[in-house]
Amino acid sequence: MSAASETLGLLEADSSAAKRALHAKLFEWGCMLAVVVAILPLGSLLWSLVSKGGAAISVDLFTELPVPLGEMGGGMGNGALGSLYLVGLASLMGVPVAVLSGIFLSEYGETRAGAAVRFCADVLSGIPSITVGLFVYGVVVLPMKRFSVIAGAIALAIIMLPTITRTTEEMLRLVPNQLREAALGLGVSRWRTTASILIRTALPGIVTGVSLAIARIAGETAPLLFTAFSNSNWTEYMDDPVASLPVQIYTYAVSPYSEWHSQAWGAALALVLVILVLSVAAKFATRTRYR
Amino acid sequence: MLHTDKHYEAELGALGSEMSRMGELVKRMLDQGRRALATGQVAEAKAVADLDYEVDSLELKIDEMALRLLARRQPVASDLRFITATFKMVTDLERIGDLASHFAERLIELEGGPIPCADSLLVMSDHASAMVTDAMQAYAERDEARAQAVLELDNTVDEAYAQLFPRLVSFMLSEPAHFAAAQRVQSIAKYLERVADHATNLAEMVTFMVNGRDLRHGRIGIPQRSGTT
Amino acid sequence: MQMMTIQSPASLKPRLQVATSAPSSAREQVLALDSGAQLSVTELRAGFGASEVIKGLTMAIDPRATTAIIGPSGCGKSTFIRCLNRMHEVTPGAFVGGRVELNGVDVYDSRVDPVRVRRRIGMVFQKPNPFPSMSVRDNVLAGLKLNRVKIGNVEEVVESSLRSVALWDEVKDKLKQPGTSLSGGQQQRLCIARSIALKPEVLLMDEPCSALDPIATARIEELISELRQHYTIVIVTHNMHQAARIAQKTAFFFMGELIEYDETDVIFTRPSQKQTEDYVTGRFG
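Protein chains in written order, with the numbering used here: chain X, 23 to 313; chain V, 1308 to 1536; chain Y, 14 to 298.
These are calculated hints, taken from the structure and not from any lab test.
Predicted, not measured: the structure shown is a model, and the values here were computed from it.
Check each hint, because a few of them may be wrong.
Chain Y regions said to be covered by chain V (calculated; three or more residues, Cβ under 8 Å) [stated by the list, open to error]:
hint, region
1, 91–101
2, 284–296
With a cut-off of at most 20 Å between alpha-carbon atoms, the simulated DMTMM-like pairs for lysine to aspartate or glutamate come out as follows [claimed, not checked]:
hint, chain 1, residue 1, chain 2, residue 2
3, Y, Lys287, V, Asp1465
4, V, Lys1353, V, Glu1418
5, Y, Lys185, Y, Glu220
6, V, Lys1313, Y, Asp151
7, Y, Lys287, V, Glu1331
8, Y, Lys287, V, Glu1451
9, V, Lys1497, V, Asp1465
10, Y, Lys68, Y, Glu102
11, V, Lys1368, V, Glu1316
12, Y, Lys158, X, Glu203
13, V, Lys1497, V, Asp1338
14, Y, Lys189, Y, Glu169
15, Y, Lys140, X, Glu203
16, Y, Lys287, V, Glu1316
17, V, Lys1334, V, Glu1448
18, V, Lys1368, V, Asp1357
19, Y, Lys287, V, Glu1448
20, V, Lys1334, V, Asp1312
Non-contacting residues of chain X with respect to chain Y, defined by C-beta distances greater than 12 Å in every case (computed) [said to hold, decoys possible]:
hint, residue
21, Ser70
22, Thr85
23, Pro90
24, Glu93
25, Gly160
26, Val197
27, Leu208
28, Ser284
For each residue, glycine too, the CB sits at the ideal point set by N, CA and C.
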């Protein structure tokens, strides 16, 4: 039959079908390979952190001050506490400003001012963090004539701003317009609609953005070198220089002493764990009752 | 303007053409009766009964088509008026077919004998037949003026019927032997008068179908709400 | 083209003056009871940027009746009802001109707060949009709570609002569940209950059944027929037969103009305009 040459029966053998199956398999393998390539460095990084730093982790590492070379023990308690100060103060300054800017961009951003703010945020996110450190050195450290917690926190806050602003904006934009209209249609004022409905709905995304930004600044080293500097003792005042984990890890890692090396590994592992916990916690904390 | 839905358009078209076919059959029945009356050929009258069967089956078919259109298309406005008008007109057409059959039966009963006042019957028959034709033409062409003309013709038929009656009475008195024949003629005249009434109904439904105004029963009616304010 | 306004001279007079001064809650109470709100639109022009969607439209809407707006996509029917409660201006780039009077007061008067207009003229949207972060109960109360309205007996408000949309029996055991867990039809009735809880005078519905199945649609239609005894309802619908089923008055819009506005019976049995006839019989385009 002539029709058979054009239309294959469902059960007939078909050479092009085998070819299609092969293409599909090749594509699948290609994708899997790419995933392995991407995961491999992450895995090996975690592995070396755990294998080299695992032994150094102890309570002392986070509670004791460093001891002079040659003595056994000691820790990076000053760095751990310093990081807490810096990140906490930076968040207090940066998060409200950034979230409010994000709301402005999303709800009132279709103006020239909005475009300007968005442009600034994009530029800011592209600026190397060390440049931010130098800037804060110029405008805060030099006038105050000292390195300080405040200067470090300001630098970190500036680094947080663009990420949180843009995530907040994006998350608010993702809230369906129907909800905005539903609230406005009920005679709810604009700002209350934003505050009660939009932010509540977008909260999981915003919190994720904030925690990612916090995770990022917790690991920043470069801007702190010019602002918070370091301190081999506990920091008591906000205008004193302060130690921080990343800076301490850096100092210890470039030193020639193997005792310090292992402490650096331990601190690095601890830092990664803190960031991990922060990310996971953010996920759980924002799991809303209603979806 | 045609419907966007071609099938709908076709179904409405089919309904209209079946109605036209039914109208033509009914008219043929009337004409055959008239010819039998004019020529005295009883055979002509016998064929009328066969046509009546066809008319009856067309009535069922048209009812079904109209019902299906109502159920499946939810017609509105002009389409709705077309279908409801058709629904009512089909009943009138069927009644006209019945009357044409009765007309033929009475002629057969006369058995070729003398028919008193045959001239008047012929005039009435011509008018009644013309009314049916015009009403159906007006239906097919959605022609309001033609439907109006049908309404006026009804008066002519009524007058002819009124004039026939005294003539028949005096005929019965003068020739009592032909009393039965005279009575059949009287029936035929009555049938033709009824045909004209049904044709009037047809024309009224056509007027409603075309412009949405209900002309029936003149003065009673529901107060008309006009479309324009 | 003929513009039609069907209005008796008496109904032109405002029943009550509103929004001329800060209304006391007592007055609001009175307004809520007198729900035979009269809406009338005069020379309304609206659109986005350079394109005019509503081109000078005048019509008076009957109180305590359902008025359906029909017309092909893009004829401006949604824009039209969004102008009635000042929702149109929420869209960036939108403009509005002309008058929309609620009981004789122009809602576009510079002294009128759009927020207050929207509280008096409730709106139900195309897709059911309960607040996903709130329970069924909180959704009903959302309008009151967000507007910081003092609620006397909360449970009573919840129950009566849900009863008035015939939803109470279906959800009385699910009040704590999220509003979005209900079926589409229930969600839409919940949204209507949410509007009703605010005791509006007018209810605007923008294709409220377009996302619902036939049974859910029938329930909403039945509900609309009941609600119109207490509210003035304006509904935009793509479904002409829905308009035929539920509306007392029907307006046909085309290209931003009012082509014909009349009793629904007239529109669907003997419309006076050729364009209306062609649209309702499906001969359009």
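Here is what the structure says about each hint:
Check result for the region 91–101 of chain Y against chain V: violated, 0 residues qualifying (beta carbon to beta carbon below 8 Å, three or more required). Under a criterion of three residues with beta carbons nearer than 8 Å to beta carbons of chain V, the stated coverage of the region 284–296 of chain Y is upheld, 9 such residues being counted. Restraint check for Lys287(Y) and Asp1465(V): not satisfied, since their Cα atoms lie roughly 39 Å apart, outside the 20 Å limit. This hinted pair checks out: Lys1353(V) and Glu1418(V) have alpha carbons roughly 12 Å apart, not beyond 20 Å.
Taking the CA atoms of Lys185(Y) and Glu220(Y), the gap is near 27 Å; set against the 20 Å cutoff, the hint is violated. For the hint pairing Lys1313(V) with Asp151(Y), the CA-to-CA distance comes to about 50 Å; that exceeds 20 Å, so the pair is violated. Restraint check for Lys287(Y) and Glu1331(V): not satisfied, since their Cα atoms lie roughly 32 Å apart, outside the 20 Å limit. Restraint check: the Cα-Cα separation between Lys287(Y) and Glu1451(V) comes to about 17 Å, which is no more than 20 Å; the hinted pair holds.
Between Lys1497(V) and Asp1465(V) the CA atoms are separated by roughly 10 Å; this keeps the pair inside 20 Å, and the hint holds. The suggested pairing of Lys68(Y) with Glu102(Y) holds, with an alpha-carbon distance near 16 Å, which does not exceed 20 Å. Restraint check for Lys1368(V) and Glu1316(V): the C-alpha separation of about 18 Å stays at or below 20 Å, so the hint holds. For the suggested pair Lys158(Y) and Glu203(X), the alpha carbons sit about 17 Å apart, so the restraint of at most 20 Å is met.
About 17 Å separates the Cα atoms of Lys1497(V) and Asp1338(V), which keeps this hinted pair within 20 Å; it holds. Between Lys189(Y) and Glu169(Y), the direct Cα distance comes to roughly 16 Å. Compliance with the 20 Å bound is thereby established for this hinted pair. With a CA separation close to 11 Å, the supplied pair Lys140(Y) and Glu203(X) stays within the 20 Å bound. Under the criterion of a C-alpha separation no larger than 20 Å, the hint pairing Lys287(Y) with Glu1316(V) is consistent with the structure, at around 18 Å.
Among the hinted pairs, Lys1334(V) with Glu1448(V) is consistent with the structure: their alpha-carbon atoms are about 18 Å apart, no more than 20 Å. In summary, the hint linking Lys1368(V) to Asp1357(V) is supported, as the alpha carbons are separated by about 17 Å, within the 20 Å threshold. Between the alpha carbons of Lys287(Y) and Glu1448(V) the distance comes to roughly 18 Å, so the proposed pair stays at or under 20 Å and holds. Distance check on the hinted pair: Lys1334(V) and Asp1312(V) sit about 33 Å apart at the alpha-carbon level, beyond 20 Å; violated.
The beta carbon of Ser70(X) is kept farther than 12 Å from every beta carbon of chain Y, the shortest such distance being approximately 43 Å. The Cβ of Thr85(X) sits about 42 Å from the closest Cβ of chain Y, beyond the 12 Å cut-off, so the non-interface label holds. Here Pro90(X) stays apart from chain Y, with its beta-carbon at least about 56 Å from theirs, past the 12 Å limit. No Cβ of chain Y approaches the Cβ of Glu93(X) within 12 Å, the least distance being about 56 Å, so the stated non-interface status holds.
Every CB of chain Y is more than 12 Å from the CB of Gly160(X) (nearest about 40 Å), matching its label as outside the interface. Non-interface status of Val197(X) relative to chain Y is broken: a Cβ of that chain comes within 12 Å, the nearest being about 9 Å off. Under the 12 Å C-beta cut-off, the non-interface status given to Leu208(X) relative to chain Y is violated; the minimum distance is some 4 Å. A cut-off of 12 Å between C-beta atoms confirms that Ser284(X) is not in contact with chain Y; the least separation is 48 Å.
Of the numbered hints given earlier, the model fails hints 1, 3, 5, 6, 7, 20, 26, 27; all others are met.
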